[in-house]
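Residue numbers (our numbering), protein chains in the order written: chain A, 1 to 378; chain B, 1001 to 1380.
It should be emphasised that the hints constitute simulated quantities derived from the structure, not laboratory data.
Heads up, the beta-carbon is just placed ideally off N, CA and C, and yes, glycines get one too.
Any given hint could be a false lead.
Partial list, derived from the structure: chain A residues whose beta carbon lies under 10 Å from chain B [to be verified]:
#, residue
1, Met1
2, Phe3
3, Ala4
4, Thr5
5, Ile8
6, His9
7, Gly10
8, Arg41
9, Ala76
10, Pro87
11, His90
12, Lys195
13, Gly211
14, Leu215
15, Pro342
16, Ala343
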Amino acid sequence: MKFATELIHGGNPIDPEHGSLSHPIYLSSTFAQRSMDHFGRYDYARSGNPTREALEEAVAKLEGGSTGLAFASGMAAITSTFLIFAPGDHLVVCEDVYGGTFRVLSTLFKGWGLQVTFVDATDQGAIAAAIRPETRALYLETPSNPLIKIIDLAAAAALAREKGLLTIVDNTFMTPYLQRPLELGCDIVLHSGTKFLNGHSDVICGFAVTGDPALGQRLRFIQNAFGAVLGPQDCWLVLRGLKTLKVRMEESQASARRIVGWLQEQKSVAKVYYPGLPEHPGYAIHNAQASGPGAVLSFELTDYKTTKRLLEGVKLAAFAVSLGGVESILSYPAKMSHAAMPAAEREARGIKDTLVRLSVGLEDADDLIEDMDRILNR
Amino acid sequence: MNMATKAAHIGLQRETRTGAVTVPIYQTATFRHPGLGQSTGYDYSRSGNPTRQALEEGMAALDGGCRGFAYASGMAAITSLMFLFKQGDHLIVTEDLYGGSYRLFEKIFQQFGLSFSYVDTSDVGLVRQAIRPNTRALFVESLTNPLLKVADIEGLAALCKGHGLLCIVDNTFLTPYLLRPLDLGADITIYSASKYLAGHNDTVCGLVAVKDPELAEQVYFHQNGVGAVLGPQDSWLTIRGMKTLTIRLDRQQENASAIANWLTGHAGVGKVYYPGLADHPGHDLMRARGKGFGAMIAFEVTEPHLVNRLLMKTKLISFAESLGGVESLITFPQVQTHADIEPETLERLGINHLLLRLSVGIEDKDDLIADLAQAFEEGE
């Protein structure tokens, strides 16, 4: 089944009881049992809920995995995944990892003895050099947030396999429509489903997907024990959002390409970060592992004053955190996604105070360009 | 203000634009910023959402805390609180606690270097004996699951204060209507709000109330960092449920008392665990509190085959996990809620192959008793 069809029919078998095309929202917290020896498929909604299960299966299929799990937020998915490790274990993490992930690693899990080395994961040599006897996993984001660095997933996964490590990839920016890390040899894919998967800026949710049955079982155990599950109404909204994933991504990506072209011509723009640009250092690798550059781009303005004017002056793109919605969102990584990172760490990673990130939505590209042109050039 | 008034007013709006009296469901992930470095108070719904906040404020008000927190489940609330601790820390925990909490402590947090001692927390002296130099907290169920042991929260909180321990109370079975642990010196209360607080068997959620602002700041940091938050629609449903908390519990307690008395006289029933019965060890303590005895009953049947008969033959009372809702539920703790606890421990505690747990709902008590009576009879 091709991707567009999978989106419409994959997670949505027609309800056998009433023929409903849309999956019912099961709000029940508990399920009555018919036998004391053999419990039914569902007993308590934290452990399993039919609406959540439909969504989990849909996302697992899209990523090419066998187990999909839905969580209360992207961070809940990430935190739950880190619970597979033990004190003394060591992780190698890409250095410009999402600020929220940086925060849980550098505070909560540090307190529990999980060790982390942050490396420039675009450099396979740097990854290899950071691996120690107690290293258990690589944790990667590509394209990274917000500097859109590209990591060679197949090479990283091959190295990890050789050393007996897991490869965990946050695939939020790409979605399985553009990039499927499990097919490249990675072990666990994570999502802030709040972003492109749901796509409407109206649900906070997260996912973990794996193709390995034992790993899937371990993650499912943690999902149930920790209990950071996604509620049934939110699950239904995400199922609904997923149906338009492909058409949304295609449209947003086409607009992103046009906006990138326009930004490159502006005197007030110092630098544009986008994996669709041939001069991007990761261009070839990205093209080899993903089927498109996506709809998130970052750019640096020439000075702070212009940066502030742009952020506060845009009318069509919302000045807000988050990304991946039908609405374009312009955000300011230094004070938003990476606010949890100390200033020195942030500077060292190249996240300047003139850097803005644009998540391109479904507005007409001409309107978005006109909106920015008004501020930058008049 | 009394509990019934506080409960009915959760989420009550003083909003002037539309005049809506119930809080809107803010189904949004993110919030637009008015300017650089400015915020409306809401940035991203994981960090704060107006609907969830109305619920959190309601929880704090009911429990007399400075701040409340809402989570994706009761277990998510407990897990998020465990992030207050570090490798090497020791906690004292109620021995007959909920199996999900036991599983979390033993299978996940022990691996991260936390250690747990399980003691009978209805005995303050036993808790005192379990304190070690590295003990950081007491995690106590105020009314235990399923054996309904009653903890002396005031005595335990004083002990904790004397030893610099955090006193965390799982108050799920009692709710703030029957007990307000923060008033008695506890630091944190925790609820599987899927139970009495939401009360309709339709929402899985966890709630926490914290007494001290500084501790609340830490709890917030972990709620936001870990991100196991409750969604806005479930937050709204929980608010809606909490508005009827006191009237539901009044009826549930009345029903439970009648059923416990009826069970006590039934030939097919052995031990009955209900704090409202005069011979229950926690009876005097709960009577002194003056709020009632709750609506959970555990009882042993005299013959193993009666377990299956009751589970299968009750028509109004559903055989299902969970508790605290308007519908009555019956469960078999040994294989359901407490399946993760070691068999020897279960046997020692009395969670055996004859023990059933009844969560009494708000149906008519005569109908519930008639349903149990017919289930005890032979034949279909």
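Grab the minimum C-beta distance from A/Phe3 to chain B and call the hint holds if it beats 10 Å, violated otherwise. violated (24 Å)
Chain B contact restraint on A/Pro342 - CB to CB distance below 10 Å: Violated - the Cβ of A/Pro342 stays beyond 10 Å from chain B, reaching only about 15 Å at its closest.
Holds or violated: is the Cβ of A/Ala4 closer than 10 Å to a Cβ in chain B? It is violated, given that the least Cβ distance between A/Ala4 and chain B is near 25 Å, above 10 Å.
Interface restraint verdict for A/Arg41 against chain B (beta-carbon cut-off 10 Å): violated (13 Å)
May I ask you to test the interface hint for A/Pro87 with respect to chain B, counting a Cβ-Cβ separation under 10 Å as satisfied? This hint holds: A/Pro87 lies near chain B, its Cβ roughly 5 Å from the closest one there, short of 10 Å.
Should the interface hint for A/His90 be scored as holding, given a Cβ-Cβ cut-off of 10 Å against chain B? violated (15 Å)
Going by Cβ atoms only, is A/Leu215 closer than 10 Å to chain B? violated (16 Å)
Interface hint check: A/Ile8, Cβ to nearest Cβ on chain B, cutoff 10 Å. Holds or violated? Hint violated; A/Ile8 Cβ to chain B Cβ min 23 Å, cut 10 Å.
Please verify that hint: A/Lys195, Cβ, nearest Cβ of chain B, below 10 Å or not. Cβ of A/Lys195 sits 9 Å from chain B, so the hint holds.
Any CB of chain B closer than 10 Å to the CB of A/Ala76? holds (4 Å)
Double-check A/Met1 for me: the hint is only fine if its C-beta lies closer than 10 Å to a C-beta in chain B. violated (29 Å)
So, A/Ala343 near chain B? Judge it on the closest CB pair being under 10 Å. At 14 Å from the nearest chain B Cβ, A/Ala343 fails the 10 Å test, so the hint is violated.
Consistency note: the structure conflicts with the earlier hints numbered 1, 2, 3, 4, 5, 6, 7, 8, 11, 13, 14, 15, 16.
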